[in-house]
Amino acid sequence: MGGRETPIDRRSFLKTTAAAGATLGVAGCLGGSGGEGASLGVLQPFTGEVSWVGESSEVAVNIAVDEINEAGGMNGSDVEIITEDTEANQQTATSAIRKLIDSDGVSAILGPTSFTLPAVMNIAQESQVPIISPTAGTSVLDDMGGEYVFRTAMSDSLGGRAMARIAYDNGYDEIAVMYVDNQGGRSFGQTVIDGFEALGGTVTTDVALTPGKSSYRSELTKAFESDPEFVSLTAGTETGQIVIEQWAEQDLGGVWGLSDDMQTATFAEELGSNLEGSYALGPLTGGDKYDEFATEYESRANESPQPFTAEAYDATMLAALAAQAAESNQGSDLAGQIISASRDGDVVTSFEAGADALGNGANIDYNGASGPVDLTDRGNILSAFAVFQSTGSAWEQTGEIPAEDLEF
Amino acid sequence: MVSFDPQFLVNGVIVGSTIALAAIGLTLIFGVLDFINFAHGEYLTLGAYAAFVANVTLGLPFVVAAVLAIPVTVAIALALDRVVFYPLRRQGVGGLALLITSVGLSMILRNGIETVWTSDNLRYSISGAESVSVLGVRITAVQVAIVVVSLVLMVAIHLLLTRTVLGISMRATASNRSLALSSGVNAEGIVTWTWVIGAGLTAIAGVLIGLNTVIRPSMGFGLLLVMFAAVILGGIGDPYGAMLGGLAIGIAQEVSVAFISSAYKPAVAFTIMVVLLLWKPEGLRGGEA
Amino acid sequence: MLEQLSFVTSVLTVAGIYAILALGLNVHWGETGLLNFGHVAFFAVGAYTTALLTIAAPTATQAYSFGFGLPIPVGILGGILAAGVVAVLLGVPTLQLSEEYLAIVSIGLAEILRYGMMNENWLTGGVAGIYGVGRPLRGIVPGELYDLFYLGLVLAAVALCWAYSRRLKRSPFGRVLRSIRDDEEAAVALGKNTFQYRMQAFVVGAMMAGLAGALWAHYATALTPTAFGASITFLTWVALIVGGSGNAGGAILGAGLIISFREATRYLPDLYGLGDIIPTLRLMLVGVLVVVAIRYRPEGLLPERNISYAEYCRRLDYGGD
Chain G
0 MGGRETPIDR RSFLKTTAAA GATLGVAGCL GGSGGEGASL GVLQPFTGEV
50 SWVGESSEVA VNIAVDEINE AGGMNGSDVE IITEDTEANQ QTATSAIRKL
100 IDSDGVSAIL GPTSFTLPAV MNIAQESQVP IISPTAGTSV LDDMGGEYVF
150 RTAMSDSLGG RAMARIAYDN GYDEIAVMYV DNQGGRSFGQ TVIDGFEALG
200 GTVTTDVALT PGKSSYRSEL TKAFESDPEF VSLTAGTETG QIVIEQWAEQ
250 DLGGVWGLSD DMQTATFAEE LGSNLEGSYA LGPLTGGDKY DEFATEYESR
300 ANESPQPFTA EAYDATMLAA LAAQAAESNQ GSDLAGQIIS ASRDGDVVTS
350 FEAGADALGN GANIDYNGAS GPVDLTDRGN ILSAFAVFQS TGSAWEQTGE
400 IPAEDLEF
Chain Z
0 MVSFDPQFLV NGVIVGSTIA LAAIGLTLIF GVLDFINFAH GEYLTLGAYA
50 AFVANVTLGL PFVVAAVLAI PVTVAIALAL DRVVFYPLRR QGVGGLALLI
100 TSVGLSMILR NGIETVWTSD NLRYSISGAE SVSVLGVRIT AVQVAIVVVS
150 LVLMVAIHLL LTRTVLGISM RATASNRSLA LSSGVNAEGI VTWTWVIGAG
200 LTAIAGVLIG LNTVIRPSMG FGLLLVMFAA VILGGIGDPY GAMLGGLAIG
250 IAQEVSVAFI SSAYKPAVAF TIMVVLLLWK PEGLRGGEA
Chain D
0 MLEQLSFVTS VLTVAGIYAI LALGLNVHWG ETGLLNFGHV AFFAVGAYTT
50 ALLTIAAPTA TQAYSFGFGL PIPVGILGGI LAAGVVAVLL GVPTLQLSEE
100 YLAIVSIGLA EILRYGMMNE NWLTGGVAGI YGVGRPLRGI VPGELYDLFY
150 LGLVLAAVAL CWAYSRRLKR SPFGRVLRSI RDDEEAAVAL GKNTFQYRMQ
200 AFVVGAMMAG LAGALWAHYA TALTPTAFGA SITFLTWVAL IVGGSGNAGG
250 AILGAGLIIS FREATRYLPD LYGLGDIIPT LRLMLVGVLV VVAIRYRPEG
300 LLPERNISYA EYCRRLDYGG D
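Residue numbers (numbering that gives the first Met the number 0), protein chains in the order written: chain G, 0 to 407; chain Z, 0 to 288; chain D, 0 to 320.
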């Protein structure tokens, strides 16, 4: 029986692994327990295809938290951030949110995305810890929030109609629709189709793009078979860039209408002249406040703000202001103050001003970097969209779609 | 339903040739080493990133970078074999334990790559992306090069397998290991060469795919199941089958978009494989070694 | 500290569900030698079936068309049976194939199923999925204790499957399965209809996976197709092989170990500069655990006992060569 290596004794292997796991767990116990200070959880994808969402979200949240702490913190306590990775996967998100709520005792949760929000909603509801998501547009949420689930990102059902408006108002009566085949893409894409048809136009083809692929040439051939002059594309920057590059390569003609994920300076720059004349949707950002935020973001991240970062900043602010209004850092207390802190009161644009006003017994209406941030009773945002067009190297705002135009 | 546009066919041939290259590597390794290597996709990814580092980070011309990617990937594959698989082989451990180990290995490699380069899409610095219209289909210079390189390599492999002692020994070992051993074939030598050729081909496939599309950490893993489908289609251990299988699947996938919802496109490869296997369980070329 | 208990409870609940999955896979591979790489398909079928059977009828805005509002035990039973039915459908064509082919074909079938779930909105709600699945005895068990109650439920199910596996192993049926696994020709020569035995084992293992799926549905209360990808199958395989295939206790141990380790890595300290790469590092660590575990204990932590003489001799030979 020669040549066999001495196997590690089963007991020692088990002991070592168990010890390693236990040490980590105990370290977590000792380190993670709430109690002193306040904490906010950032629940986003930090690995995988959309890891940029988590990374950029964290930067934005940190900007907000630094401001809050400088102004005295949440009810006097310094705020700390705890991040957990959802991997854009339902199972992982479920255990991640449990850790944030049970083990870390966070006051509120910022995130997650459309992929995982429906899965973790119930957990938040039952544990009475509010979720304010800056990144979940899924229309599934339209009628579900308001008690413990809120969002500062606009629902896809609104975004889709805005896109339909862009196409219709610019005189196109036949369009094609392409979308990434996931929760966010589908709901947006479907709303574009429904919206455009409601306005009287025709959708010649709709094509689903399997996420995470490197080539969409055949899908492009299919979509452009009828020679549409306007094609609505709902995708993230990675997929979007691939689609448009391969479209340019094949010289297919027409003009694009891109969803807000792609309305970033980097995107316009990288695609350059290929994108000239194409449209993109974007939030109607709040003037000075946005510029302040953008400058700070750029100095920290060395790039201009990614999509949804202004919304993440605002979500954090809202959570902290709600805590001030409730005079408590407990999730169950501040949840009830979130909607009222966002509208019907003295307009404030910074945490300091808001905390002061609340201290004087006033109601506040927080207006933020991403817009007026007025939540409906269902925890949704309704505001105007901005229309952008590419100059061949950058996005330039060329129009606006007021909230009323989204009702049809 | 869309009228049939030969563009789909052309897309399919391009995609199919790259799958075919990677599948040849997979089937050879499977045949000679007798285990399903779930980390195989990662060799593809490593090849693409190695070329990226050479081309973009170090500034070397693309062709040089592409060639350099091969020994780098092969070296890593050999090192991994020595450290991870060889000790298990020596213990006589079965294929399943090796498979599970390769699952763990693939997690390590893929996430390791993502740790270093993040999940951003990367591209080589090379031009040639403008397409020309030939007989009504659009194709770029780069895409032509891809097909040509793939064909050349497939011919080279064919010559290797049929004209060289090494190639014949590899085929012998793949089809009947104990018989080959008793005929005096140097098993470990064959193993080494299998890794060299298998990983090398896969690395080139990675570079070509990165060239035709983008470079990302999940690029190899995402194609793993499709590569397996190609291997199964052609018969495990059969490199010619893998070539045919790869092409068939590539074409079928792209052409399917014309007829069914593109949301089902990834399922096409599997459906073909399943249907074919039920009809002919030995694979496309069934029965031949 | 009570909150820590809550997190531990949730980790153990997930580990328990994986244990049931692993036990099912153990019946497939450990007892019968079936290389099933599509296990997640049965998990998904179990989950969606119980969801569709127990949720309320859908409103106009929801994509899916069915919702029968039946009681949860009916749903769970339905999930188990549906998984069994799917096993029969899948088994008929595939159980005749050789090992490696079954492995790849089963992955393919599981993926086809998943794409079906993503696209057939009328049935599964498509990518948006189904949410609002009920939880058993929600009104009766007090809120703070509910998670512990559910954990108890899951552990009871684990115990049930474990006991069944042990009985199976010792039964004449189990002996035939092992003989098919180790030496099919001999089994055929003895007049056993190997296909039938394989099919029965396939269905049994699938039903366990269906049970796991149903328990998951009532735990997570929301289902989306992305949660039912091939990584669940791989994780189950890893749990089974690391824990020890052919041994029901090994399946449970493996599941507990892998899941606990994966969750424990969430506590990796955010050392200076390391913060950004922790998420990918965690996944790498799980991979390392797998490689190391197989390296030093290739037959698993709890190896199979009561092996046949032929198998015993075969294992002795591993030392040589």
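Take these hints with a grain of salt, some might be off.
[What the hints assert, rightly or not] Computed spacing ranges between beta-carbons, pair by pair:
#1 D:Leu80 x G:Gly271: 52 to 60 Å
#2 D:Val287 x G:Asp172: 55 to 63 Å
#3 G:Gly391 x D:Glu98: 30 to 38 Å
#4 D:Ala162 x Z:Arg81: 26 to 34 Å
#5 G:Ile80 x D:Ser230: 22 to 30 Å
#6 Z:Ala144 x D:Ala185: 52 to 60 Å
#7 Z:Leu59 x D:Ser230: 31 to 39 Å
[To be verified] Now the stretches of chain G that chain D is said to cover, found in silico as 3 or more residues with beta-carbon under 8 Å:
#8 82-94
#9 175-183
#10 241-253
Quick caveat, the hints were computed from the structure, so don't treat them as lab data. Bear in mind the structure is a predicted one, so any value in this text is a computation, not a measurement. Each residue gets a CB set at the ideal place from its N, CA and C atoms; glycine is no exception.
Against the structure, the hints come out as follows:
1. Checked against the hint of 52 to 60 Å, the pair Leu80 of chain D and Gly271 of chain G passes, with Cβ atoms roughly 58 Å apart.
2. At about 58 Å, the beta-carbon gap between Val287 of chain D and Asp172 of chain G stays in the expected band of 55 to 63 Å.
3. For the pair Gly391 of chain G and Glu98 of chain D, the supplied restraint of 30 to 38 Å is violated, since their beta-carbon distance comes to about 58 Å.
4. With their beta carbons about 44 Å apart, Ala162 of chain D and Arg81 of chain Z fall outside the hinted range of 26 to 34 Å.
5. A hinted range of 22 to 30 Å holds for the C-beta pair Ile80 of chain G and Ser230 of chain D, which are about 28 Å apart.
6. The hinted window of 52 to 60 Å between Ala144 of chain Z and Ala185 of chain D holds, with their beta carbons roughly 56 Å apart.
7. Taken as a hint, the range 31 to 39 Å holds for the pair Leu59 of chain Z and Ser230 of chain D, whose Cβ atoms sit roughly 36 Å apart.
8. For the stretch 82-94 of chain G, the stated coverage by chain D is satisfied: 9 residues place a CB nearer than 8 Å to a CB of that chain, which reaches the threshold of 3.
9. Coverage of the stretch 175-183 of chain G by chain D holds in this model, with 3 residues showing a Cβ closer than 8 Å to a Cβ of that chain against a need of three.
10. Only residues whose beta carbon comes within less than 8 Å of a beta carbon in chain D count, and the stretch 241-253 of chain G has 0; fewer than three means the coverage is violated.
When held up to the earlier numbered hints, the structure conflicts with 3, 4 and 10 and fits the remainder.
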